[in-house]
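Asks: Take a look at the letters that make up each chain.
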Amino acid sequence: MPSPQTTPLHSLHAELGAKFVEFAGWEMPVQFSGVMPEHLHTRSHASLFDVSHMGQVIVRPESGDLRDAGLALESLIPANLVDLPEGRQRYGLFTDAQGGVLDDLMVSNHGDRYLVVVNAARAEHDLAWMRAMTGVTVELRTDRALVALQGPGAEAALATLIPVVTDMRFMDSRPLAWEGLDVWVSRSGYTGEDGYEISVPADVAKRFAEALLAVDGVLPAGLGARDSLRLEAGMPLYGHDLDTTVTPAQGGLGWSVPKVRRAGGAREGGFPGADVVLPELQDGPARMRRGLRPEGRAPIREGVRLFADETAAEPIGVVTSGTYGPSVGHPVAMGPLPSGVGDTVFAELRGRRVPVAVVDLPFITPSYKR
Amino acid sequence: MIKYTESHEWLDADGTDVTVGITDFAAEELGEIVFIELPEVGAEVEAGTEVVVIESVKAASEIMAPVSGTVTAVNEELVDNPGLVNEDAKGTWFFRMTVADDAALDSFLDEDAYRARTGA
Chain A
9 MPSPQTTPLH SLHAELGAKF VEFAGWEMPV QFSGVMPEHL HTRSHASLFD
59 VSHMGQVIVR PESGDLRDAG LALESLIPAN LVDLPEGRQR YGLFTDAQGG
109 VLDDLMVSNH GDRYLVVVNA ARAEHDLAWM RAMTGVTVEL RTDRALVALQ
159 GPGAEAALAT LIPVVTDMRF MDSRPLAWEG LDVWVSRSGY TGEDGYEISV
209 PADVAKRFAE ALLAVDGVLP AGLGARDSLR LEAGMPLYGH DLDTTVTPAQ
259 GGLGWSVPKV RRAGGAREGG FPGADVVLPE LQDGPARMRR GLRPEGRAPI
309 REGVRLFADE TAAEPIGVVT SGTYGPSVGH PVAMGPLPSG VGDTVFAELR
359 GRRVPVAVVD LPFITPSYKR
Chain B
19 MIKYTESHEW LDADGTDVTV GITDFAAEEL GEIVFIELPE VGAEVEAGTE
69 VVVIESVKAA SEIMAPVSGT VTAVNEELVD NPGLVNEDAK GTWFFRMTVA
119 DDAALDSFLD EDAYRARTGA
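In order, the protein sequences belong to chains A and B. Everything in the first sequence is counted per my numbering, starting at 9 for the first residue and increasing by one. Everything in the second sequence is counted per my numbering, starting at 19 for the first residue and increasing by one.
Simulated from the structure, these hints should not be mistaken for laboratory data. One or more hints might be untrue.
[Unchecked claim] For lysine-lysine, the following DSS-like pairs were computed, each having C-alpha atoms within a straight-line distance of at most 30 Å:
#	chain 1	residue 1	chain 2	residue 2
1	B	K108	A	K214
2	A	K27	A	K267
3	B	K108	B	K21
4	A	K27	B	K21
5	A	K267	A	K377
Model the full structure from these sequences, guided by the hints.
Replies: What follows is the structure in structure tokens.
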């Protein structure tokens, strides 16, 4: 087993008392003060997360015309990237020939190039996948760190360093300057809170993070809180809630496939698995990722089997992620269930069947600044 | 007399009556506890079998019966307020049991030996 990679902020995490965990080949902080206090602090103030393990990929058109790079990306991603305005970001999926999800990602239009941010565990795969595109150059930027500043205090905190960020709204994404250095800022995140994701040059990342942490109300948070926050916000985690056995519609992500790429659209199909993905979006999937709220206080975690009733022998689904939701004060989970399932299913927990309400996601109301 | 298990429970023995909780070290490792399932009073338990389920924000864990015996009382307060364990693990008991033979406790760690294990 090769030793895990570390991010430019590793020494800072150690100084701040992080507990580390290996995640997707990286040694990352799982917590500082504790998952629950970090989670609650994010929703009430602001937390700084190191997400430098994620892949930051620059895609440039060889022709110099960004539309060509947009069309190239659209050959892999069922999203509208050609019409994505400069300074905006969009969520998308890589699909395989069977319509399964290879990864989920963010694409930003930075004028002369696209920035694509992919999951750490899929970065190597995605890079090879994107390098099959023609007419573009694809470059993984290992010389940069990525941090997420999340929570209601994020705007004021980041504005102390980069005042112009107050002008940005949800899913804006811009190359900006901090002390004359090239920083890429998007107003987005993985917590359900208002906030930003900021790409900074690796050699100044520690100084940048320290400057944010010096702002009153900003504390460091780890992957543990990131997971419970995204679960409450109803967001899927690749490798758990999404993988190649899940299509966009089954993942509850049909909204990311716009009209222009659907049947009858101007740029209909033209991505791997379109012959599976598009009819399913029209007809509705046989199963779909749903929110799960078990009765009582016991969390239902990944792998717990779900049954239609208290006695059924065959499960109808399996929990793909779940934990206790500190902000909502009850367990939260998600997993795929057949369409037409009732309002209640039963989770098998330590030999007993526990009633679980099938609910719409998210569990919290997001507070994005639109 | 307080004894400790290798799996981070404390055992407060008074003759054949034993009160069981988890150590500060265990509580710290688990993080914020959100759910505790206790055994039934009167349950006959065998050493090494699961008697308590503990769920924290991070993970599920359990307490195995340290010795064989009968559960005589459970701390019902923990069902509604599992966080009490995080506030004071050493002072928060989970259940009491009687053991057939109090010599069964001799093999557990004393405080010095337990501290040496956890590096505390």
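Asks: Each hint needs a verdict: does it hold in this structure or not?
Replies: Structure-based check of all given hints:
| no. | hint | result |
| --- | --- | --- |
| 1 | B:K108 / A:K214 | violated (39 Å) |
| 2 | A:K27 / A:K267 | violated (45 Å) |
| 3 | B:K108 / B:K21 | holds (12 Å) |
| 4 | A:K27 / B:K21 | holds (29 Å) |
| 5 | A:K267 / A:K377 | holds (25 Å) |
In summary, the structure is inconsistent with hints 1 and 2 from the numbered list given earlier, while agreeing with the others.
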